[in-house]
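Participant: For reference, the chains in residue letters:
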Amino acid sequence: MAFKKCAVPFAGTAEQERALFAVINEHKSISGALMPVLQGAQEIYGYLPIEVQTVIAEEMGVPLEKVYGIATFYSQFSLNPKGKYKISVCMGTACYVRGAGEVLKKLQENLGIEPGGITPDGKFSLEDCRCIGACGLAPVIMINDDVYGRLTGKEIGDILAKY
Amino acid sequence: MVNIKFNGKECAVAEGLTIVEAARENGVNIPTLCWLKDMNEIGACRICVVEMDGARSLVASCVYKLSKFDEGKNILTQSPTVLESRKTTLQLMLSDHNRKCLSCVMSGGCELQTLCREAGVDDENRFEGETKDCDTDNSAAHMYRDNSKCINCRRCVAACEHQRVGVIGANERGFRTEITCAFDMPLAETACVSCGQCINVCPTGALSEKDDTGKVWEALNDPEKVVVVQTAPAVRAALGEAFGLPVGTCVEGKMATALRKLGFDAVFDTNFGADLTIMEESNELIGRIKNNGVLPMITSCSPGWIRYCEAYYPELLPNLSSCKSPQQMNGAITKTYWAEKMNVDPAKIVSVSVMPCTAKKFEISRRNQSGQGTYPDLDISITTRELARMIDKARIRFADLPDGGFDSPLGNGSGAAVIFGATGGVMEAALRTAVWKLTGEDADSPIEFKEVRGVKGVKTAACKANGVEINVAVASGLDNARTLIEKVKSGEIKAHFIEIMACPGGCVNGGGQIRVPSQIRNFTDIRAERAGVLYRLDENNKVARKSHESPDIKQVYGEFLSEPGSHKAHELLHTSYKASNLRK
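So the sequence lines, in the order shown, correspond to chains A and B.
For the first sequence, this note's numbering gives the first residue as 1, with consecutive numbering after it.
For the second sequence, this note's numbering gives the first residue as 1001, with consecutive numbering after it.
Take these hints with a grain of salt, some might be off.
What the hints assert, rightly or not - Below 30 Å or equal to it, Euclidean Cα-Cα: the simulated BS3-like pairs (lysine-lysine) are:
no.	chain 1	residue 1	chain 2	residue 2
1	A	82	B	1456
2	B	1100	B	1073
3	B	1584	B	1487
4	A	5	B	1132
5	A	82	B	1584
Don't read these hints as lab results, they were simulated from the structure.
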């Protein structure tokens, strides 16, 4: 098994930690309250790194695995932060049938990360998403607010070089 | 009572019983896969489905509890719909299953394989589709995980949670679901205690102990080596199951014969080590009570418990007895006293143990167990399952073997020693000797302390000897251990001496024992059946029922160790512990 630790070092602030403990203390005595705690933590940090999940596990008195199981079950939770440039690959029906899979594959190869991942320098994060309403340009990706359409996969290197 | 029908045949069953249990009581066997009674009752695998009057779809019989609303209903357990459903379910499982069955460690004992045969699965390729790229985990000293053979039944997860360890679980979702550790970290980096209970309940070859039989064969075939073996008390109570003998069969004599046939140069019994442990441990206990030492003292025989204590209760390390486990004590004496007596160079000795335990594989590698720092106490530790595999490989017809015996000294144990394999056994054995000592070595001091016997999770008892009161408590299974520890901490339970075994029921149900298919496990208390073997051996021991009465013990203290707690005994038979900060 390969340890899936986040590629970007954890940089939580004291303020975030105070907020996390506030959420935990609010729910500590309620059994089965892991969900709201994880939601609160995701809101505070934007993602759920091992450092945050470990605190939650210890404070809530459950094994870390229990926390991780929930964090990976629900798509609302993320194990990685968003990069400086957030790349979203549309996997909606139109994009999908016009080859979004190939585009995503090329992005993965270029960046060396899986969907949901972030490059170690924190520059790019990659995720797949559903329809962004630009079906006429399918297949389409977004990098922050920039939209790139009618892609084949071959352009990916040039596009990434712009950032 | 509820009146229902199984396949048209009327019967009355108790309300609240599940369909599968009610059926069993009435001679109808419904197949199950994910179901483990009282442990994993999730109705997930859909193998146990039945047709039932009034139900909209097939019903999972392992979780459906019969009530008065089911009065008069007919339940079909082998209708064409049911049989076809089970077969399809199995074929769907096989569609993403590593089907290298011929080379699988569980071939012949695999529950999935058995179900496929019974269900008449004639085409394992019926559904061809995407297959998961699965991980293996080889990191731990005691086991490996091959998720390509995992069917996500979650029995291992339930066993781990039942131990209140919970370092494995189902991660991701849907097709991507896999049983792994948090963040997919290697098992060796987690606070896994190596108890092996997950392996015991795995229905397939996804989980298995690390096979060390290759090393044993190599040593046996090396003419330069003197290969000695010792067997733990609980092994003789389970080994026969691998050769078709019923649960609860004693195979002590056959086992000794089989070990000689395999070619071991000397066949010892860990019972001797257990007696040594009692000599040292009861001495330590009396010392702690009389000299205001750290109490309660807690036993240290179970390496799974030791790992648990080091990771989860490091503040209790001073409470642990400093005694090594019987395995290590036997090993230490083998390479010192025995080597000298037999004029064998200890460097040439390969010391092998056969244990009901996977944590023993970890224990032999503990640095602080290496007696004298010269030679490790033990070289190889194999489980009961691995010994069965060696016997198979040598094509020994186990069930037909005549009874043999062990080599002496180091091969004979008292009745007190053999009950080490059952929960409460170490306690009872220690009390036999401690009370004898406290009563001025009265030969008529009590033998049996039945309050500490039985499979109950937490047991307490009190005894008085010569004005000294000893309160004791016993727990087996780490969930019970945690309950007991919390009660001791809160003052609810007061004890001088505590026995803790990591595995529920003690070593007889250890993680290295013969795997018992759920179809038997769910309806038999294997802990009690196997423990029965040990208590009968104790009762029938004509030579000694108390450790200090054992002739081998008298000889080794007389010729070598002088007395319990002596300088030499401390050097060879005692150890220390260290807190660990592995991820919980």
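Participant: Next step is simple, just say for each hint if it's right about the structure.
Facilitator: Here is what the structure says about each hint:
Taken as a hint, the residue 82 of chain A and residue 1456 of chain B pair is broken in the structure, with Cα atoms around 52 Å apart against an allowance of 30 Å. For the hint pairing residue 1100 of chain B with residue 1073 of chain B, the CA-to-CA distance comes to about 43 Å; that exceeds 30 Å, so the pair is violated. Restraint check for residue 1584 of chain B and residue 1487 of chain B: the C-alpha separation of about 22 Å stays at or below 30 Å, so the hint holds. Note on residue 5 of chain A and residue 1132 of chain B: the hinted pairing holds, with a Cα-Cα distance of about 22 Å set against a maximum of 30 Å.
As the CA atoms of residue 82 of chain A and residue 1584 of chain B are separated by approximately 28 Å, the hinted pair is consistent with the 30 Å bound.
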